[in-house]
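Participant: Please work from the sequences and hints to get the whole structure.
2 protein chains.
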Amino acid sequence: MAERLSKAKLSVFRRLSRKKHRIAEGRFLIEGWHLLAESLGSNARLLAVIYDPSRSLQDEDQRTLQVALERAESVYLASDDQLRALGETVTSSGVVGVVASEEDSWEDLSRELSRIESGCVVALDDVSDPGNCGTIIRSGDWFGVAAIFLGEGCSSKENPKVLRASMGGVFHMPILECRSLRDRLMEARKSGFEIIVASLDADAEALGDFNWPEKSLLVVGNEARGVRPSILELADWRLTIPRFGKGESLNAAMATSALLANWRIR
Amino acid sequence: MAERLSKAKLSVFRRLSRKKHRIAEGRFLIEGWHLLAESLGSNARLLAVIYDPSRSLQDEDQRTLQVALERAESVYLASDDQLRALGETVTSSGVVGVVASEEDSWEDLSRELSRIESGCVVALDDVSDPGNCGTIIRSGDWFGVAAIFLGEGCSSKENPKVLRASMGGVFHMPILECRSLRDRLMEARKSGFEIIVASLDADAEALGDFNWPEKSLLVVGNEARGVRPSILELADWRLTIPRFGKGESLNAAMATSALLANWRIR
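From first to last, the protein sequence lines stand for chains D and G. Residue numbers for the first sequence follow this note's numbering, beginning at 7 and rising by one. Residue numbers for the second sequence follow this note's numbering, beginning at 7 and rising by one.
These are calculated hints, taken from the structure and not from any lab test. Among these hints, one or two may not hold up.
If chains are identical, the list can't say which one is meant, so a pair holds when it fits in one copy or spans any two.
To be verified - Derived lysine-lysine pairs resembling DSBU-like cross-links, with alpha carbons at most 35 Å apart:
1. K221 x K25
2. K26 x K167
3. K221 x K252
4. K252 x K167
5. K25 x K13
Nothing here was measured: the structure is a model prediction, and the numbers come from that model.
Facilitator: Now the structure itself:
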C-alpha cells in the first residue's frame, strides 16, 4: 500500500545521490517518467516508486505509473519539494524510482560475446565526465552495440547524470563496470574481438579506409590524455578520424558517435 | 602599461557574463590560455588581457601571454580570486581576455558561399543547450564545414559555455547568428546550396544511401521538437540516421557528428 514519504525515509533515499551509499546499499535512484518506463521495460528490479499524486499526468505517464504501482515493492506519496530534494533537475518531473543495482556477470556476458558472430563493444578508459559517458551509452544504444565496458576512472552507470544523458540506454544493453579494463580486453580478445583504439595520431588507420573486423572492440580514452599505455599496447588497430578543418581535437563522445556511425554505415 | 585590476573595473567586466551586457557593449570574455591563443590566431580584436602575474606558466602559455601583451589594447594584473570571479570554471586558469564582438557580415559570407564549389554549412534551429551548440561548432571545425548558422533559439557564440565547448572553433570559421534562419536558408539556396534537414522519421533518406550534394546545408533542430515547420518546408532532403539498437533518439550534437563524418568520409 502507498504511504506518505516520511522525513526519515526521504533522508534515507537522499543518501543514494552519493556513490558510496549506492554501492553499500546496492540500489540507485532514477528520476522522471522516461527512465522509469525504460526500467520497467527491462529486467531491473523496482524497489520503490515515489511520486506526487497531486500531479495530473499525460496518458503515457499515467500508464507508466500503473505498471510501476503493480511492480514496485514499495510505494510512497511525496510532495513536489520532496521529489526535488531527491532529484537532480530543477523542475521535478513528479516521480523517482529506486532500482536494485545489478552487476552484469562477466561470465554470462563473456559467454554471450563468445557466441556472437559479429558486433561491436565500446570500452571507455578514464572517461570521467558523466555527460560524455551517458551520451556515449545513448549513441551505443542507437547504433546497437553489443555491450559497453566502463573502465577505471569512468563515471558509474548509476550516476544520475549518466542515467539522464543515457536516456534509458543503461537499461537496454549490458554495461560492465570493470575493475581492470585491461583484463576484460584480454579476455574479450580470446572471444575473437579485435581491439581498436581510437587515436588522434595521424599515422593510425584512417576512418574511411578502415575495414571494421567482424568482432570489433572500440576503446575510447580520456580526452586530454588519450588511452593509457597499458591499454594501448593491447591494440590490434589504432584508428583515427581524419581532420579536414582547423580543430585540434574532437570531444570523446562526438568521436565515438562518428566512429559508430561509420561502423554501421560504411 | 599594465595596471592592477580595480574593484570598479572588475565589476564592469563581470557584467559581460550576461548576454544583454555583451550585446550592449559589443564585447565578450574568453577564459583560459587555449581560447586566448585561438583568438590571437584569428582576426579577433583583443581589447584587454587580464592575468595573474604570480602564476608560473608553461612555455606555451608564456608565449601566448607575450603575444597577448603586445596585441591587447589594455593589460590588467589580477588576483586568482578576481579571475575566478570573471570566469565560469571553478579552478581559474589564470587568464581572461576581453574580445570585441564581430558580426560576420552576411554580404561577405554570402559572396563567399556563392563562390565555393563544394562544402557544407551547418544550421542549428532552436538548439538552446550551450554545450550542444559548442560541441557542434567543435565538430564542424574538425570536419571543416564552411560556416555555421545559429538560428532563433540557439545559444549565442559569445556564451562562455559555447566558447569553452567549441575549443576555439568560434575563431576558426564564420559563425552567423541569424535573426531569421528561414531567410538565410532561402538566400543560401540561391547560392546553390541544397537544404538537408536531419530527421528522425523513418521515411526520410537513410544515411549510407544518401549522396551528399556538392553544396550541402545541413539543418539540425531542437532535440525534443525537431526542426520548426517553417524550416522543414524548405527541405530539399530529409536525412535520417538509421537506428540499429533500442535507443529512442540521438543527442543533437552526436547526430551532427555522425552526419558530418559521413559527409566527409563516405
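Participant: Of the hints given before, which are not true for this structure?
Facilitator: As far as the earlier hints go, not one is violated by this structure.
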